[in-house]
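Chains V and A supply the protein sequences, listed in that same order.
For the first sequence, my numbering assigns the number 129 to the initial residue and increments by one for each residue that follows.
For the second sequence, my numbering assigns the number 1167 to the initial residue and increments by one for each residue that follows.
Hints were generated in silico from the structure; no laboratory data involved.
Quantities reported herein were computed from a predicted structural model and do not represent experimental measurements.
Each hint should be verified, as a subset may be incorrect.
[Claimed, not checked] Just the calculated beta-carbon pair ranges, DEER-fashion: (1) 1320/A x 279/V: 40 to 46 angstroms; (2) 278/V x 1303/A: 40 to 46 angstroms; (3) 1289/A x 260/V: 45 to 51 angstroms.
[To be verified] Straight-line alpha carbon distances no greater than 30 angstroms define the calculated BS3-like cross-link-like pairs of lysine-lysine that follow: (4) 1218/A x 265/V; (5) 265/V x 167/V; (6) 1331/A x 167/V; (7) 265/V x 228/V.
From the three backbone atoms N, C-alpha and C, an ideal C-beta is built for every residue, glycine too.
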Amino acid sequence: MRNDTCRALVINPTAAALSNYGTLLMTRGNNQEAQLLFKQAIAMDPRHEHALLNYATLAAQWGRDYSLAEALLQRAIIAHPASVIGLTNLGQLYTHILRKTVEAEALLHRALTANSLAAPALLSLGWIFEQQGEVAKARCMYRRALLADPTLRPPIHDRTALSIRIVH
Amino acid sequence: MHLKAAEQARKAWRLVARFQGVANLKADTLAACKEELPGVLNSLATHYLRMKELEMANATWTESLQADPERAETFVGIATLRCETRDLSGAEELLRIAIALDHMNVKGLTCLGVLREIQGDIQGAEDSFRRAFQADDSCSILVAAYAHHLHTLRRDCVSAEALYKRCLPSLASALSGAHYVRSRNPDRKLNHEK
Chain V
129 MRNDTCRALV INPTAAALSN YGTLLMTRGN NQEAQLLFKQ AIAMDPRHEH ALLNYATLAA
189 QWGRDYSLAE ALLQRAIIAH PASVIGLTNL GQLYTHILRK TVEAEALLHR ALTANSLAAP
249 ALLSLGWIFE QQGEVAKARC MYRRALLADP TLRPPIHDRT ALSIRIVH
Chain A
1167 MHLKAAEQAR KAWRLVARFQ GVANLKADTL AACKEELPGV LNSLATHYLR MKELEMANAT
1227 WTESLQADPE RAETFVGIAT LRCETRDLSG AEELLRIAIA LDHMNVKGLT CLGVLREIQG
1287 DIQGAEDSFR RAFQADDSCS ILVAAYAHHL HTLRRDCVSA EALYKRCLPS LASALSGAHY
1347 VRSRNPDRKL NHEK
């Protein structure tokens, strides 16, 4: 994701700074301030990927405003169709919260097309397969997820948790 | 610069270039056009990059380079494009050319710092940022990039926050307003604010 920082410097440095500062405040729990900064970043650059993704994470995790999170993630994906984190986060939102399994599966497959090692996407896809009773497929996905990122063990034990990610 | 204006300027320059041999253009008019053109093209190329029209961005920056082969800003722009296509060594070479052309090019030095972050060379990145600060420590692009570096790679949130506030001074009043709202409504949730 750091690759985008170079582009941001040339295209819209103020929006990038607003978004990055918002992310810093969000990780420290200053959510109200972070929300303001993301809004300003998006007002300045409506296609700003990090601002859209992190504002969505904030909306889902802090505000429990899932419809806003969904709308923001959809905007991020329209602007950046190969955004692995955008596709994965919306897939996870659909899988674990909104229970839109068909849409979730399609999004997670798209994320894996963009990056076959996207561990959170593999994990959520495994969860979907497990719910559908396709144990072998689920096991395969979990194994691939663990190979891609061994630190993913705790979410497997608590698969219902929404673990959509913050982007730095 | 507005996209339409930039495109009009480019068309105008093409006409000037086409007819300069037959039209009796004054030398200073031609020189003024030549001077403006690379800046116009750089703005246009940046717009194409924003819209992810990478081929158009590349063509426009190449055109800018033909108009002025020694403009550091153009090399920085093309380097950004190389970053976008994951050609990091190509990007680094272009940034080195930009900095060789203009030792005080803060944007070039800052992009080199970011590029080194991408490559995992934290020390090299900090060296580039330091050189950029020596060139111009008030450049908001540099301050913001270094704040991001401190936050994400050095985990120094306190210094990072101070730098963000420095490069985004207009935020101070907005943030104090947010704090006021929060302290009056501690239970206020995001979904009440739609």
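Worksheet item: Regarding residue 1320/A and residue 279/V, is the given constraint of 40 to 46 angstroms on their beta-carbon distance met?
Response: violated (21 angstroms)
Worksheet item: Does the hinted range 45 to 51 angstroms hold for residue 1289/A and residue 260/V at CB?
Response: holds (50 angstroms)
Worksheet item: Hey, residue 1331/A versus residue 167/V, does the alpha-carbon distance stay inside 30 angstroms?
Response: Holds, at roughly 17 angstroms.
Discussion item. Please verify whether residue 265/V and residue 167/V have alpha carbons no more than 30 angstroms apart.
Written reply: violated (40 angstroms)
Discussion item. Between the alpha carbons of residue 1218/A and residue 265/V, is the straight-line distance 30 angstroms or under?
Written reply: violated (36 angstroms)
Worksheet item: Does the Cβ-Cβ separation between residue 278/V and residue 1303/A fall within 40 to 46 angstroms?
Response: Since the Cβ atoms of residue 278/V and residue 1303/A sit about 42 angstroms apart, the hinted range of 40 to 46 angstroms holds.
Item to complete: Below or equal to 30 angstroms on CA atoms is what counts here, so check residue 265/V against residue 228/V.
Response: holds (19 angstroms)
Checked against the numbered hints given earlier, this structure breaks hints 1, 4 and 5; the rest are met.
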